[in-house]
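**Student:** Protein chains in written order, with full-length UniProt numbering: chain R, 1 to 283; chain S, 1 to 283; chain G, 1 to 283; chain P, 1 to 283.
Fair warning: there could be bad hints in the mix.
Any copy will do: because identical chains look the same in the list, a pair fits if it lies in one copy or spans two.
[Said to hold, decoys possible] Keeping only pairs whose Cα atoms sit at most 35 Å apart, straight-line, the calculated DSBU-like set for lysine-lysine is:
1) K84 / K250
2) K154 / K201
3) K250 / K77
4) K201 / K77
5) K93 / K3
6) K3 / K250
If you are wondering where the hints come from, they were derived from the structure by calculation, not from laboratory data. Note that this is a predicted model, so its numbers are computed, not measured.
Protein chains: 4
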Amino acid sequence: MTKTYTLVVSCPDRPGIVRGVSGAIFDAGGNILDSRQFDDRETGRFFQRVVFECPGAPAGLTEAMERLAGEFAMDWKLIPGERKTRVLILVSKFDHCLGYLLYKTRMGELPMDIVGIACNHPREALAVSDIGGIPFHHLPITKDTKPAQEARIKALVDETGAELVILARYMQILSDDLASFLSGRCINIHHSFLPSFKGAKPYHQAHARGVKMIGATAHYVTADLDEGPIIHQATEAVSHEDRPDDLVRKGREIESRVLGRAVGWHITHRVFLNGAKTIVFAN
Amino acid sequence: MTKTYTLVVSCPDRPGIVRGVSGAIFDAGGNILDSRQFDDRETGRFFQRVVFECPGAPAGLTEAMERLAGEFAMDWKLIPGERKTRVLILVSKFDHCLGYLLYKTRMGELPMDIVGIACNHPREALAVSDIGGIPFHHLPITKDTKPAQEARIKALVDETGAELVILARYMQILSDDLASFLSGRCINIHHSFLPSFKGAKPYHQAHARGVKMIGATAHYVTADLDEGPIIHQATEAVSHEDRPDDLVRKGREIESRVLGRAVGWHITHRVFLNGAKTIVFAN
Amino acid sequence: MTKTYTLVVSCPDRPGIVRGVSGAIFDAGGNILDSRQFDDRETGRFFQRVVFECPGAPAGLTEAMERLAGEFAMDWKLIPGERKTRVLILVSKFDHCLGYLLYKTRMGELPMDIVGIACNHPREALAVSDIGGIPFHHLPITKDTKPAQEARIKALVDETGAELVILARYMQILSDDLASFLSGRCINIHHSFLPSFKGAKPYHQAHARGVKMIGATAHYVTADLDEGPIIHQATEAVSHEDRPDDLVRKGREIESRVLGRAVGWHITHRVFLNGAKTIVFAN
Amino acid sequence: MTKTYTLVVSCPDRPGIVRGVSGAIFDAGGNILDSRQFDDRETGRFFQRVVFECPGAPAGLTEAMERLAGEFAMDWKLIPGERKTRVLILVSKFDHCLGYLLYKTRMGELPMDIVGIACNHPREALAVSDIGGIPFHHLPITKDTKPAQEARIKALVDETGAELVILARYMQILSDDLASFLSGRCINIHHSFLPSFKGAKPYHQAHARGVKMIGATAHYVTADLDEGPIIHQATEAVSHEDRPDDLVRKGREIESRVLGRAVGWHITHRVFLNGAKTIVFAN
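For reference, chain R alone in the conformation it holds in the complex (with noise of 0.2 Å):
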């Protein structure tokens, strides 16, 4: 039975890297749907997604990539099309976010298994009222509980096999052993145009510098608040007449599909760390 799989390729860029690829592809029965690469010539790294589709497996692929990884010093995976990537989603207060991640989930939109919602408030705070059977984790949190509560987070992060952690306006500052615990799997969404009004009340800063748009910006988490590498980013006009709470209902909107794009594009693959930057492959 035809499969779809995905692979990810990224190495130091030379000559051959693509024939050799696509030749294991094609050597074990694969046909190329999609491939798109980037060669980064400030850094001289390439990267390369392919989706290709294969009658039964793919025979002697994992050899051939092995062998090629060799070659070509690659950072390689590949994934079947099916798998869906586990997902633990951190809320606060504002769960906008997180209802929009519910509703595509359920739609089949995107492709992945909430395996929890941990928030720092009880589940009646949340105006989102159907999490289905996904568990919740009240996880309540103050200066002098916060390593315990981190130390809980991690904890679940580990017990559920998350390999994706969203903080859905999750509005806790991770501390450095956090964030680096989650780095490389770890989105964020902030309620700015990044670099733009970084910390709290971005739409207070930005209703305070007179800014004419608005904007959200979904990032994978680092040490440094609002300075990890960013995924995307949208951005709406605003005028004088828009007080700040007209900027927070205006910014629900875009934060909930910034997020929803990242996070789509995560999980299927399409995003590359590259540095302090990203590489994403839009669809």
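Given chain R's structure and the hints, the job is docking chains S, G and P onto it.
**Tutor:** Below, chains S, G and P alone, put in the same frame as chain R:
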């Protein structure tokens, strides 16, 4: 013969302003064509822009407005419709914004009278060929000659009666003194989405940060670089594929139209300064 | 206690309207918070929306407006600020727009009172789980039962006192009779950028045409399918890579927010019918 | 000396194409800089654009591609990087698009060689002053002289060796004969968001329909007016305040940049015809 007038008003907000202004216009024989207002609840200040037509001169309107101005502590101005703003444009090497403004003016889209173009490079450095009969002033500048060069700019403003100075990718930083001299009457186009990437080489800064959108900002110039009240901004999506040169290329478009819109609104009296921000009755 | 009111006015344009209306509000003790107007030079019709606050009831305003209405042949309405519009939502199988409206309402962003949800499919067909205590009406329809089903819709409107009917991806074509019955009080979301791709399967039509942008349009329903006055539209770029399913997926977003904005403006009295078009004092 | 080449390929899709093409480039000494491909599952046709560099000429690549072309029934073309497309521009009275293209070309942004400008009005009718040394051809047209005028256009194309004809707001409708003659090599800018508002005065049609967005569409010309494969489109929000003149004014911007983008993509071999649609490997 029916003529059109624009009346701009601002004052502390309280009941009766609209009634007073519309009454004064009605009594003067005017018919309101367009009226936009904004009541800034934060600062308690009211702003209004009224366009009206009048067969002949608006009888007694000036006196009526002076009475209202006394009663309401109004700042106000009455501008006859056909009056063009006198504009001095400063430019450096990149003249795409200048070319855009010249074309828009020639077409009659920007109702301004360009009284001069000053450039810190000689005429031949500009790719824009057709400045027609507009006086061109070569004002070279070095660290040492800056005070003298700025004195020439001031003199040019005074001699030409320029009411607005446009920094159309004029890359020299104005001294505090010149910025003060031009306070409220100088619009700059900064090639980033402020407050991101102030200062030099914003496209290179943007590229390094790995943002997924670039933008341009037109703002009034103040003593603080790139801090002045924002008039207009626009953005465009970019990707990992865009090198700094691509950002520069895509950015030119945005800079030109953002500056063009901001200038157009300023010279049609649609922009009000409101502390560190602007009110813009856009069209 | 200070209360907020919205006053909407339209009439043939002539001098004195603004003076009259603002005078009436001032005399009644009101202070204008926001005023938007438009003078349609083509049709000679004037439209105004004023929001004002008043300590206590606006004394004598109704009488003053009735006098003005007589003098200026005005259509006018005075709406107390806290009054929510009663809304009936019709939906079919795709309930993303319904879910969006429910969430926005629950959050307090859309000030409406949803008096019922009617669907031509049973409750279980909807992916949106939480309609809370809102009455759900299963109104199946076939070619033969259409007149009876539409009669039930009319009855539902009358019984619930619904002032607005929202077709939130309700896929049945209203008969001329029902469209007339709902004239001026029924908003539909069409999943294309009208007037492109009217009728069935617009995303498939768009895909076949090879357009590079898709969109959605919220409009008032009239007897002519997808011809009614447009309230709001938005678009998004797509590419050759987007199959019809991708257009559907990307389109859901646009449909939801376009419908949400249009409904929001309607229930806050920001939309005026102007022949085949609308005036929208947007926020 | 290292040179850059662009290779474009299209053929029926089947396994082995990418391996074949990348192998041929590798064997010829080339290093792939950029590769974009698309597999149209609907039509079963494959499209690829590869940019590669080669120290010296790509040895044996032509022969290798001819073998592959035989095996895969490929249409293919190899273009040296520095080769500029020869372009003839047709214009009528509104020359904002022409001015834009001239400026972009002069700046080096559009790598084309403008071999002539033909206009149905005399030179003096154009507001754009600087066409430099580009040959200007006044080709007046009336209902009776149309066949002769079109014959002159054809002759001009042949004499100049023009590979692309740009209709830059050229307002004459091409006959079926001329459209056929120019098939695949003529780009038109239509001042609406197709398929809305085909034909004459689209801004006036848009105004009458009361749309809330306007747009422009760049497309290949076919015998059917405004029906040809779309290359690029963009839109902008408008409101009830915009009169037809305002739509025209705002539309000029969109027309210029949409045409500029489409032409840029065509002359850098990023556009493939795919039946009634296009594949665009945009940058």
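**Student:** Next, verify each hint and record whether it holds.
**Tutor:** Structure-based check of each hint:
Taking CA atoms no more than 35 Å apart as the test, K84 paired with K250 passes in both settings, with 31 Å inside one copy and 21 Å between copies. Proximity of K154 and K201 under a CA criterion of 35 Å is satisfied intra-copy only: 27 Å inside one chain copy versus 41 Å between copies. With identical chains, the CA atoms of K250 and K77 are at most 35 Å apart between copies only, with a shortest distance of 28 Å across copies and 39 Å within one. Proximity of K201 and K77 under a CA criterion of 35 Å is satisfied in neither setting, with 39 Å inside one chain copy and 38 Å between copies.
In the homo-oligomer, the alpha carbons of K93 and K3 lie at most 35 Å apart only across protomers (30 Å), although the nearest pairing inside one protomer, at 41 Å, exceeds that limit. Only between protomers do K3 and K250 lie at most 35 Å apart by alpha-carbon distance; the minimum there is 25 Å, versus 42 Å within a single protomer.
Violated hints amount to a single one, hint 4; each of the other numbered hints is respected by the structure.
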